Amino acid sequence: MAQEEKAQEPTVTFTAKAGLPSAPQTMEVHAGVGDIKPWDLDDWPQFEQMGKPRPRSEAPLKVTGRAKYTYDLKLPGMLYGRMIGAEVAAGTIVSIDTSKAEALPGVKAVWTADSKVVRFAGQDVAAVAAVSPEVAIDAARLVKVTYKEKPFVHELREAMKNGAPLVFAESEAPAGKDVPRKGNVFGPGARSRGNRGDLDKGFAGAEVVHEGTYYCPVHTHSCLETHGVVASWEGDQLTVHASTQGIFAVREGLAEALGIDRKNVRVLCEHMGGGFGSKLGPSASGSAFAMAACKMAKKAGAPVKMMLDRKQEHLCTGNAPSALMTVKVGAKKDGTVTAVHYRSWGSAGVAGGAGTAGPAASLHGKNPNFKAEEYDVFTNAGPGAPLRAPGHSQGAFGIESAMDELADKLGMDPIELRKKNEASPVRMAQYDLGAKEIGWARRNKKAGDTTTGGWGGTAKGAKKRGVGMANGNWYVFAAEDVGAQVKVHRDGSVEVIAGYQDIGTGSRTAIAVVAAEELGVETSAVTMRIGDTQFPEGPGSGGSVTINSVAPVVRLAANEARTKLFALAAPLLGVAPGELDAANGKIFVAKDPAKSVTFKQAAAKMSGETIDCTAKRKKQYETFRGDLAGTQFAEVEVDTETGEVRVIKMVSVNDCGFPANPLTAQNQVIGAMIQGASWALLENRILDRNVGTMVNPNLESYKIFAPGDMFEAKSILTPVANLGNNTSTAGIGEPPIVPTLAVIANAVYNAIGVRIRELPITPDRVLAALSEARRRA
Amino acid sequence: QVTVEPRVTLLDALRNHLDLTGAKQVCDRGSCGACTVLFDGQPVNSCMLLAADAEGHEITTVEGLGTPEKLSPLQAAFVEKDALQCGFCTPGFVVSGTALLAKNAHPTLDQIKAGLAGNLCRCGTYGRIFEAVEAAAKAKRG
Chain G
1 MAQEEKAQEP
11 TVTFTAKAGL
21 PSAPQTMEVH
31 AGVGDIKPWD
41 LDDWPQFEQM
51 GKPRPRSEAP
61 LKVTGRAKYT
71 YDLKLPGMLY
81 GRMIGAEVAA
91 GTIVSIDTSK
101 AEALPGVKAV
111 WTADSKVVRF
121 AGQDVAAVAA
131 VSPEVAIDAA
141 RLVKVTYKEK
151 PFVHELREAM
161 KNGAPLVFAE
171 SEAPAGKDVP
181 RKGNVFGPGA
191 RSRGNRGDLD
201 KGFAGAEVVH
211 EGTYYCPVHT
221 HSCLETHGVV
231 ASWEGDQLTV
241 HASTQGIFAV
251 REGLAEALGI
261 DRKNVRVLCE
271 HMGGGFGSKL
281 GPSASGSAFA
291 MAACKMAKKA
301 GAPVKMMLDR
311 KQEHLCTGNA
321 PSALMTVKVG
331 AKKDGTVTAV
341 HYRSWGSAGV
351 AGGAGTAGPA
361 ASLHGKNPNF
371 KAEEYDVFTN
381 AGPGAPLRAP
391 GHSQGAFGIE
401 SAMDELADKL
411 GMDPIELRKK
421 NEASPVRMAQ
431 YDLGAKEIGW
441 ARRNKKAGDT
451 TTGGWGGTAK
461 GAKKRGVGMA
471 NGNWYVFAAE
481 DVGAQVKVHR
491 DGSVEVIAGY
501 QDIGTGSRTA
511 IAVVAAEELG
521 VETSAVTMRI
531 GDTQFPEGPG
541 SGGSVTINSV
551 APVVRLAANE
561 ARTKLFALAA
571 PLLGVAPGEL
581 DAANGKIFVA
591 KDPAKSVTFK
601 QAAAKMSGET
611 IDCTAKRKKQ
621 YETFRGDLAG
631 TQFAEVEVDT
641 ETGEVRVIKM
651 VSVNDCGFPA
661 NPLTAQNQVI
671 GAMIQGASWA
681 LLENRILDRN
691 VGTMVNPNLE
701 SYKIFAPGDM
711 FEAKSILTPV
721 ANLGNNTSTA
731 GIGEPPIVPT
741 LAVIANAVYN
751 AIGVRIRELP
761 ITPDRVLAAL
771 SEARRRA
Chain D
1 QVTVEPRVTL
11 LDALRNHLDL
21 TGAKQVCDRG
31 SCGACTVLFD
41 GQPVNSCMLL
51 AADAEGHEIT
61 TVEGLGTPEK
71 LSPLQAAFVE
81 KDALQCGFCT
91 PGFVVSGTAL
101 LAKNAHPTLD
111 QIKAGLAGNL
121 CRCGTYGRIF
131 EAVEAAAKAK
141 RG
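From first to last, the protein sequence lines stand for chains G and D. Residue numbers for the first sequence follow our numbering, so the first one is 1 and each next one is one higher. Residue numbers for the second sequence follow our numbering, so the first one is 1 and each next one is one higher.
Worth flagging that the hints you see were computed from the coordinates, not collected in a lab. You may find that some hints are simply not true.
Heads up, simulated DSS-like pairs for lysine-lysine below, C-alpha to C-alpha not over 30 Å straight-line [as the list claims (entries may be wrong)]:
1. G:Lys600 to D:Lys140
2. G:Lys714 to D:Lys140
3. G:Lys311 to G:Lys148
Counterexamples of contact, computed for chain G against chain D with all Cβ distances above 12 Å [as the list claims (entries may be wrong)]:
4. Ile96
5. Lys436
6. Cys613
7. Glu644
Per label pair, the in silico range of CB-to-CB distance [unchecked claim]:
8. G:Lys52 to D:Gly41: 53 to 59 Å
9. G:Leu142 to D:Thr67: 39 to 45 Å
10. G:Lys619 to D:Arg7: 32 to 38 Å
11. G:Thr452 to D:Asp53: 58 to 64 Å
12. D:Arg7 to G:Ile716: 49 to 55 Å
13. G:Arg266 to D:Ala117: 41 to 47 Å
14. G:Arg157 to D:Thr67: 41 to 47 Å
15. G:Thr458 to D:Asp40: 52 to 58 Å
16. D:Gly41 to G:Lys600: 58 to 64 Å
Here the structure is a predicted model, which is why all the values come from computation and not from measurement. In this text, a Cβ means the ideal position worked out from N, Cα and C, and glycines have one as well.
Generate coordinates for the entire structure from the input sequences, incorporating the hints supplied.
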C-alpha cells in the first residue's frame, strides 16, 4: 500500500553518468520533486571536498580522553545501577527476596522483572540502584532468588536432536504461527530468499556436483563500551544518555515501555564505544536494563547510571547466531554453475532470525536455479542480535567455501570460476585489482604443495603459506524518514544539525564533506551537531544506511542554503543568481571565476542572524546496482607442527559508491577484515553443557584479535556512481566483513591442502584435520 | 587527594572520584589495556591496582599527555593516521604507546606490536595505530 502511494508521488527525471569511471553508462533516474541531480561520473573528478582523505573531526577529543561516552557521565546525585541475571539456563523463578538488599544503607531503588519464566542464564531477574558502584555490587549479592530448574539445551546440533528439551513449549509460537515446526526447529519460512528456476533441472544438467556441510559457532559483539544508559527525570520529562546505534529507537522503545509520550523523552548520544548491531534497540536483545534504569530513577528521584558488566555484555546483549550450512552446487565442466541448493540451520538462542542465505542467493547471479531453506533452531542461550552484516559472514563462509571446493574439483582457478558466473560489472572489475595486490600468482597450484607456489626459499619446512579469496555481497539500504538542518550564520560559519549518532565510523566528517561540497566551503568550516532526538529525525545506524540516508538530506538542505546565499551574492556581482557557482569559500560567476565574493561577504548580507534550512529526505532513486560488490583475498601461514594459523596479508576490494572520506571508509574496511579474521581464527562462545552458563564470558578466554595477531591490511575502494541518491554515497560498515571467514578458510586450504569446514580454525582443528588427512593417505 | 573504601581500584578512584574518565573499564581483569595509566612512568592496568597502593606514586593518565588544543606528538599522529574508530580503546593505546616511545624512541614494527600487546581494539584499528607510533617516532627523529 505504502509502495503504491510512493509510486504515485510526482517525480522529476534526471539523466546522469552511472557506474565505474572506466565504463560510464548513461542512466535515467526518477527523483522526488524538489530533489536534485545526483552527483555522477562527471562530478567525480571535479570534487573539491568529496573523496579526499581527512582525519575525523572528533579525533582530538578521543585521543586525549576528553570525549565523554555514556559510561563517563556523572550527574549530580547520580546513583549506580546493577543488573542481576538468572543463574540457571531454564526454569521458573519461585521467589525473589530483595528485602536484605533494600535494607542495605545506600540502596535507593530495586526493580524486579515481570517474567517468571527463565530461558537462558543471564536473563533479567532484578536490578538495584545505590549511591556507589561498590554498594550496588553488595546489594546485588543480597538479592536472593530461588528457581525451579528445568532441563535445557545449550547448542544448535543438540537442540536439533529428537527428544531435546524444548526451549518453547508446543503451545508457544516464537517464530510465527505459519512456520513449520519440529521440536526446537522452525522452518523453512514461506518466503525464502532469492529462490528461482528449477533445482532438479539444474542438477540434471550439471557435470560436476559438490556438496559440503559447514559450521560457524556463535560470536559475541564484544563492544568495548558495554551497553548502558544514564537516565534522569525532571517532572515527567525523561532524559536518557545512551550508548546506542539508534537514539530514536531508544526514545520510541522507552516511551512505549514506560507508557509516556515520545515528546517527553529526550535521548542523547555524543560518542559511543562500539555497537556492531547490538545497540539498535531501546535496551538490548536480552535485557531491559534501560527501562529498569528509568524506573529506578523515577522511584529514587535521582539519576541512575546503568552500565552492564563484561559478563552481562556477553550473555544478554546479542550475538551472531551459529550456522550449520549444507551447500550443494552443480556446474558444467567449464565452470558454469547450473544449480545451488542452500540449506541452513542456525541458533539465535531464544530468538529467531538465524537465516544465512543472503550471499548464496546474491552471489554467482548468473546461476538460473537456486533454492534456499533456512531454519531457526531455538536453544537456551541469550537472544541473537544483528552483528555486522547479519547472517552474511556465516552464509558467505558456506557458499564461498563450497565454490572453492568446486573450483578444486573442476581443476579451475577460483577467480576464473567466479568470473564465469559473475553478474556484477563492478565485481568483475575488482577481481584483477585484488589479485594483483595479494600476489595471486604465488598461490599453490596444487593445494598443500608449497613447491607449486611462488614462495621461493620459504616453500619448505613446517610453515606453509597459501592464498585464498572469496566474494561478499551487501545491499544499498536507506532510511527515508530522515531530516537535517543546515544553518549558515551571519559570520559565515556553518552548522549541520542531524539526529543520527556516530558509532565510530567518522560519519561526522563524511557528512560535513557533503555539506561543504554543496556550499563550496572547506569541510573544516562545517560544524556537526548530532546525537540528540531534539534534532531532525535520523536513522538507526544499522544496515550500513547512515551515510546514504543522511548525506542526501544534508545536501538538500545545503542546496537550499546555497540558493539563498547566491541570491545575496548576485547583486554584489551584478549578475543573476543562476549565473553563480561556489567553491573554495568563494561564490563566483561561473563563466568568469575572477568575479567573486567570499562566502563570508555573502553571508554578511543576510537579514537576521541565520539562514536556516531544514529538509526532509526524499525517496531513493533507481540505483545503478542494488548490490554492493566486494571481493577479498588473504595470504596465510600455517604451522603444520603447532597448528597455528597466522594471517600475513589481506586485501579487500569494495564498492561504497562515492566515498566521501576514503581515510575513514578504508578504516572501516580494514577493521572489518580484522574483526572477521578474529571470528575465523579465535572466537567461539562456549556454553557449559552441564549447567548452561557461559564458560568464557570475558576477554581473556573469549579471545579477540590483538596487536600481535595483526597482518598487513590493504583496502582498495572502487568508486561507483550508483545514483541511488543525490550524493551517490553508500555505506561501507558491513560489506567488507561478509567474505572474511571464507577467505581465511580458503587460504588455509591452499596452504595445507586440507579443508577446515568448522570455525574457528584453531590449532587443534588444524592438527586434527592434518592427521586425519595423513591417516586417509 | 581522595579518600575511598579500601577495595576501590585506582581506575575507579580516577574515574568516579577525580572525574578523570579517559581511562576506561572494559574487561575489569587486566586483559584489555583500556585502563592503562602510567605509574611512576610505567604502564599499568589501573583496574588491577588498588587506589590505596597508588598513594605517594606519580600517576599520569591520558589527560595528562596532551589536550585537544595541544596534542602530544603521538596523539597528533593518532589523529593524522585516523588510528581510531569508536575511540573507546584509544586512551589505553595512547598511554601504552607513549610508554613504549619513552623506553624505545625508534621501535621496529615487532617492538611496537610487543609494546602494545596488552591492549585490545574491537573496531580493528591496530594497523593504523602501528603507523601512528611509527610516525610519532619518525617525527621525533626529525
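Whether the CB-CB distance between lysine 619 (chain G) and arginine 7 (chain D) falls inside 32 to 38 Å: Taking Cβ atoms as reference, lysine 619 (chain G) and arginine 7 (chain D) lie about 58 Å apart, which means the hint is violated.
Status of the given 39 to 45 Å range, CB of threonine 67 (chain D) versus CB of leucine 142 (chain G): Given a distance of about 43 Å, which is inside 39 to 45 Å, the answer is holds.
Beyond 12 Å from every chain D Cβ - status for isoleucine 96 (chain G): holds, 26 Å
Hinted pair lysine 311 (chain G) and lysine 148 (chain G), Cα distance within 30 Å: holds, 23 Å
Beyond 12 Å from every chain D Cβ - status for lysine 436 (chain G): With a cut-off of 12 Å, lysine 436 (chain G) remains clear of chain D, as the shortest Cβ separation is near 20 Å.
Range hint 41 to 47 Å (beta carbons of arginine 266 (chain G) and alanine 117 (chain D)) holds or violated: The hinted range 41 to 47 Å holds for arginine 266 (chain G) and alanine 117 (chain D), with Cβ atoms some 42 Å apart.
Supplied distance hint 49 to 55 Å, evaluated on CB atoms of arginine 7 (chain D) and isoleucine 716 (chain G): holds, 52 Å
Arginine 157 (chain G) paired with threonine 67 (chain D), Cβ distance criterion 41 to 47 Å: violated, 55 Å
Assessment of proposed distance window 52 to 58 Å (beta carbons of threonine 458 (chain G), aspartate 40 (chain D)): violated, 44 Å
Distance restraint evaluation - glycine 41 (chain D), lysine 600 (chain G), Cβ atoms, bounds 58 to 64 Å: violated, 48 Å
Holds or violated: lysine 600 (chain G) to lysine 140 (chain D), with C-alpha atoms at most 30 Å apart: violated, 39 Å
Whether the CB-CB distance between threonine 452 (chain G) and aspartate 53 (chain D) falls inside 58 to 64 Å: holds, 59 Å
When held up to the earlier numbered hints, the structure conflicts with 1, 8, 10, 14, 15, 16 and fits the remainder.
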